Amino acid sequence: MNEQRIPVTVIGGYLGAGKTTLINRLLVGDHGRRLAVLVNDFGAVNIDADLIASHDGATISLENGCICCTLADSLGDSLDAVLALDPAPDQIVIEASGVADPKKVAYYGQGWPGCRLDAVVVLADAETIRSLSDDQFVGELVTRQLLSGDLVILTKIDLVAERSLHDVEQWVGTVNDAGSVIRVAHGLVDPCVVLDLAIEAEVSESTNEVLGADDLFESAVIEVSSAIERQHLEVALETWSEEIVRVKGIITLVGEGRHLVQRVAKRWSIEPVSDDDTTNALVVVALRGANGLDQLSADVNSGPQL
Amino acid sequence: MATGQPGAAGKTDSAITVFTARRVRTMELSQPTAEAVAVRDGKIVEVGTLETLRPWLDNYPHEIDDTFADHVIMPGFIDPHLHPSMAAVLLPMDFTTVTDWSLPWEDVGAVASRVELLERLTELDNRLEPGEPLFAWGHHPIWHGDIDREQLNNISTTRPVIVWHRGYHSFIVNDAFYEWLDVDLDAARRHPQVDVERGAFFETGLGFAMRYLSPFLLGSERFRSGLDRMRQVIHHGGQTTIGDAALGMYGFEREWEHLNAVMERPDTPFRIQFMVTAMRPQGNETSDQSMIEHILQLPERNTHRLRFSDHVKMFADGGFFAELMQLGFPGHLDGRHGEWMTPPERFEEIARSLWNARLKIHVHCTGDNGIELTLQTLEKLQSERPRFDHRFTLEHFGISRPQQVDRMAALGAIASVQVYYVYELSRAFADHSLGYERASQISRLGSLERAGVRFAIHSDYTMAPARPLNNAWVAANRINESGEVMCPDERTSLDAAIRAITINAAYVLGLENEVGSLSWGKKADFTILEADPYDVGTDGLNEIPIWGTVFEGEKFAIER
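Chains as they are written, first to last, in this note's numbering: chain A, 173 to 478; chain B, 4 to 563.
Honestly, the hints are just simulated from the structure, not real lab data. Owing to the predicted nature of the structure, the values given are computational and were not obtained by experimental measurement. For glycine and all other residues, C-beta sits at the position ideal for the given N, C-alpha and C. Keep in mind that a hint or two might mislead.
Computed footprint of chain B on chain A, listed as stretches where at least three residues anywhere in the stretch have a Cβ under 8 Å from a Cβ of chain B [stated by the list, open to error]:
(1) 241 to 247
(2) 263 to 274
(3) 303 to 311
Here are the simulated distance ranges between beta carbons [said to hold, decoys possible]:
(4) A/Leu257 with B/Phe205: 26 to 34 Å
(5) A/Asp307 with B/Glu487: 31 to 39 Å
(6) B/His435 with A/Leu257: 42 to 50 Å
(7) B/Ser228 with A/Ser233: 37 to 45 Å
(8) B/Gly338 with A/Asn218: 56 to 64 Å
One-sided excerpt, in silico: chain B residues whose CB lies under 8 Å from chain A [stated by the list, open to error]:
(9) Gly210
(10) Pro284
(11) Thr345
The following block holds chain A by itself, in its conformation from the complex (with noise of 0.2 Å):
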């Protein structure tokens, strides 16, 4: 049953952070996924009109499959529009509002019927950031965004020397301690990790390339054990660094069957899941050169080496 149920994205951040500059990548993105983007507002998404193959008031429908709705009054009621979709979306990814608390938005991942939440990615732009958490009037807010974001993404780099940029970094690590921070130009992020993983692929293709992983990111895929023991398991996802910024995979655990394992930064969970298969493996995907990166099939399969 769980894993029918569609996964959700929030992106968040305050006005500037580049959501709009992710969105517009996502929603024309080489990664094969069929995506409902909900937004706030069509103006500032800018598609390629070749690549468009309908726009109906509300809803633009391209070509790779992916449609970009604007939020309806209600979050609720936009969400049960593209549920309905009849083939439903692979995934539902949800633009914040600049004023919101994204970690709210994901209560609706969380909540809502034939939802669950994903992640919730915070973007935030280098060059301002630390000045606009000081500000009179938003200072607490976007403070409060970094805060909720499972993976921070900094953006607009090029902008910034690299010592101020490490300083940065640093200092959104000392916000957010459980998040992962990730930085980018230009809003060039890697769809992979904003987006869900698709197990099934990863694991047939069992290599590191088919993630198109680059200079930032690196996947690998752990070979499981038969069957785990779940203390192992729970130990690992709690105990491995927000470095390893995503975990997907199926897997058996010792004497309880078959269960979903996910987990974005440090937020996982481990969910029972029919499955046929007998496949048990997880996909990772990390910073480059994370540490204990080489260690985590060990820790997998006999408990982390403390």
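We have chain A already, so just place chain B on it with the hints.
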């Protein structure tokens, strides 16, 4: 060319009606009191005495109506900021708040504790038809403590029971609610702001619940019956003009259609002026221009009683009852955070578009930081493109700093103040939200009066009772529900309190040439009182009985 003869151009054949009264209180400084008002075609011909009216009475057929010989004629009361659509959702519910409500169809006593609340719910359960859901509005944990599903199951296992928070942002239900609407409990259990076991839905959890409830609450029949109750409420408060401060909360066209059906009738003794919401938080300057074009065309729809104008509504920070106002240092007592309704940069951008289009801007602002954003924005707009008589209005004005009042005076800003906060919230907010100094100074009307900033007071109905005399009493006394006087230096004079529900309320709506005072050419809108507020004094304002109203020359007694 005028001839001075009866029957000349411009004369109509309709007769003049002269309303005589023990006293006419005009709210005009040039002639504060009078004894008679001559009316023709729904408008005032002249105000004075039977003696001074002679030139009219000698020349035209007329009748003397002495129905009000023992009464006092006031200008029809005006509440410039309330919410008919919110009322339409709420008024079909039963009220269980910590304060009394005098509703046209019943008097509802205060419910001041958990025990009293549960008793009231049992009473209501006994009274309602089987199967009819029980909606009770007015729960507040500060007084009623926590209520949970089990307690409501004890009220009824078959009837859905929904106990709604006073500030609207949460409610508690029983098991019958889940069954009634076939709620997806698996999803509800995953929702961080739904507690299925406690039966609690709060904030975004309310959005979850509305998925199931909206079709019922917003159903045409229920909504229109709610609006009809609103009609009675407005009349009972003695109001002949009201401002709808945000048409379109539940869908603009739908609300417009319902309002037309229910309110635009010969037996509706008041008019509604709409402030259209001019907030598209995600828009840009281009979409703002098309929004403005839309707004400017709305007056083409005007009917006799329903009117659009060039007044528009913006929102700065969150709601006051919900404690979502933006506060400067030291913030909220319990460490919670306020909310912005739109990003400050975008707020400024929208305000600029509206200002440059010469619209009259009203800003919902509740906390001192929300007011600060509003004033800083107005300062920029005034320096870029100065305007006089712009009617830039701060709405609600919950927590302000004294120095902000001086800046309002300098910038020509005016205020429409929710003064009932003082009555209902000042003690609770002193203890739980703000500390005493700020809580005691909520809605600082005395400072506005001293600084010469013109202000109205409003009910924000259903946030406060739509009873202008009661609001005037709060403004002039600052007595709260615990009986304490909160910050006596922020009380208004009697005169300022009465102006705030008559001529200054008209000014806030831009209607001061039509209503709000009694003199020639204005609408013949009266509120008929049993006593002159200026004789009664501040202490007894809320006790003055209202006979009824006159709307455009026609009498509408309040039925008892």
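Tested hints:
Chain B is given as covering the segment 241 to 247 of chain A, and this holds because 3 residues of the stretch bring a CB closer than 8 Å to a CB of that chain, at least three being needed. With a threshold of 8 Å between beta carbons, the proposed coverage of the segment 263 to 274 of chain A by chain B holds, since 3 of its residues qualify and at least three are required. With a threshold of 8 Å between beta carbons, the proposed coverage of the segment 303 to 311 of chain A by chain B holds, since 3 of its residues qualify and at least three are required. A hinted range of 26 to 34 Å holds for the C-beta pair A/Leu257 and B/Phe205, which are about 30 Å apart.
Look at A/Asp307 against B/Glu487: about 37 Å separates their beta carbons, and that is inside 31 to 39 Å. Against the hinted window of 42 to 50 Å, the Cβ-Cβ separation of B/His435 and A/Leu257 comes to about 46 Å, which satisfies the hint. Here the CB-CB span from B/Ser228 to A/Ser233 is close to 41 Å, well matched to the stated 37 to 45 Å. In this structure, B/Gly338 and A/Asn218 break the distance hint of 56 to 64 Å, their C-beta atoms being roughly 41 Å apart.
For the restraint placing B/Gly210 at the interface with chain A, the shortest Cβ-Cβ distance is roughly 5 Å, inside the 8 Å limit, so the hint holds. Against a cut-off of 8 Å between C-beta atoms, the interface hint on B/Pro284 holds, since the closest Cβ of chain A lies about 6 Å away. With its C-beta approaching chain A no nearer than about 6 Å, B/Thr345 sits inside the 8 Å limit, and its interface hint holds.
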